[in-house]
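> Listed below are the residues making up each chain.
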Amino acid sequence: MKPAVVLCLLVGFLASIGQAQERPYFVTYSHEMEEPGNLEIEFFNAVGKPPAGNRFIGSNIEFEYGATSWWTMEFYLDGQVTQHDSTIFTGYRWENRFRPLLREHWINPVIYIEFENINGGDKALREVVGHDGKQDVSGPNAEVRQEKKREMELKLILGRNYRGWNISENIIAEKNLANQPWEFGYAVGASRPLSLAASAHNCTFCGEKFQAGVEMYGGLGDRYSFGTNQTSHYLGPLINWTAPNGITFSFSPQFGLNDYSIPRLYRFGVSYEIDQLFSRFHRGAR
Amino acid sequence: MTLRLSLTLLLILLPAGIVFGAADGSWLENVPTHDHEKTNPYHDQADAIAAGRRIFVDRCSHCHGENAEGTKKRPPLKSERMQHGASEGDLHWLLVNGNMRKGMPSWARLPDQQLWQVITYLKSLHD
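Quick note, the sequences are listed as chains A and B, same order.
Residues in the first sequence are numbered from 1144 upward in steps of one, following the working numbering.
Residues in the second sequence are numbered from 1325 upward in steps of one, following the working numbering.
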């Protein structure tokens, strides 16, 4: 009940301000940066049930700000609710993305650097690395929250836009700073708007308002056991829709591809972009 | 010690150079010939002007003004250079690549069709 209330409040609040249209990915990052001066607020959730555990909803709220055309920063707050257990705050993340090449090329790299201060109860599943699997979301909250994870995560984001399609690939390396080995993962996605040309008239459900695609991600072991042995992988279709008031709703059913994965995940998200955040406070601003 | 000092100066000056020292003059000089010569499939079409206006209001007006008149920090798009100095192909190149050193983002996230619609709208503006 609580997440639903929070969602309604958030939607109601955001309905009064700006607009956005984002790629429908939940895990994969595209090379597209936040527009300079804009703040995007995103609320993402993952619902799942591990075979030996309770149903959960892992959530995070993200504040993404375009510092410049080539530098985007983002702050995350994570939490989760587990059925028959409890609701807990699981930590925060701080990331920066830099685009080293300032023009559009055949393939466009972006460097991603993130610091995470989360605990073992985190179920937002914003990335899968190492040997992450269904056992990591099965333990009781009182126990798993004792595990502290101060981690540094690096990603190489590669992306391309071609004939309306966006194709993105992320190569992930993550290290728990408490002397744990580097863990690796990947995420790939492709998406495009349902209609490439915009309509001449205002519309609510026209093709340009929808984006659809597919996403796959998973772990690649760690420094001592690199590969796909005992790693989890997920695949799922994606869709999002941008309402006339600018709020974007995203949804994806995702399927675990092996016995090590959570069998099914249902992801949904709401995002909203506030244009030119700080210029709103300047004297004489429109 | 000298090496450390040099590296420190390099680390400070390199980003500063990228941000402030990249006076690339007019972006028009950077447009390759084949981009300059691209033609707009929606040239002068009324529907494309209307669609381009919608996209412009959603995406561009926050920086360039509701009617492309410009704002304190961002240039007007009704200028002589935009209307006559730049071809439609030049504007397409600018939208795809942006001018990131000067704060103009890349709009390659929009499909080509929508970029051409915006250009059709911009070219329909006259003082």
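Do not rely on the hints blindly, as some may be mistaken.
[To be verified] Only some residues are given here: those of chain B computed to face chain A with a beta carbon under 8 Å: (1) 1352; (2) 1375; (3) 1381; (4) 1398.
[To be verified] Now the stretches of chain B that chain A is said to cover, found in silico as 3 or more residues with beta-carbon under 8 Å: (5) 1401-1415; (6) 1418-1429.
Just so you know, the hints here were simulated from the structure itself, not pulled from any lab data.
Ideal placement from N, C-alpha and C gives every residue a C-beta, glycine not left out.
> The structure should be examined with respect to each hint, and the outcome stated for every one.
Hints, one by one, checked against the model:
{"no.": "1", "hint": "1352", "result": "violated (15 Å)"}
{"no.": "2", "hint": "1375", "result": "holds (4 Å)"}
{"no.": "3", "hint": "1381", "result": "violated (10 Å)"}
{"no.": "4", "hint": "1398", "result": "violated (10 Å)"}
{"no.": "5", "hint": "1401-1415", "result": "violated (count 0)"}
{"no.": "6", "hint": "1418-1429", "result": "holds (count 8)"}
The structure fails hints 1, 3, 4 and 5 (numbered hints given earlier, in ascending order).
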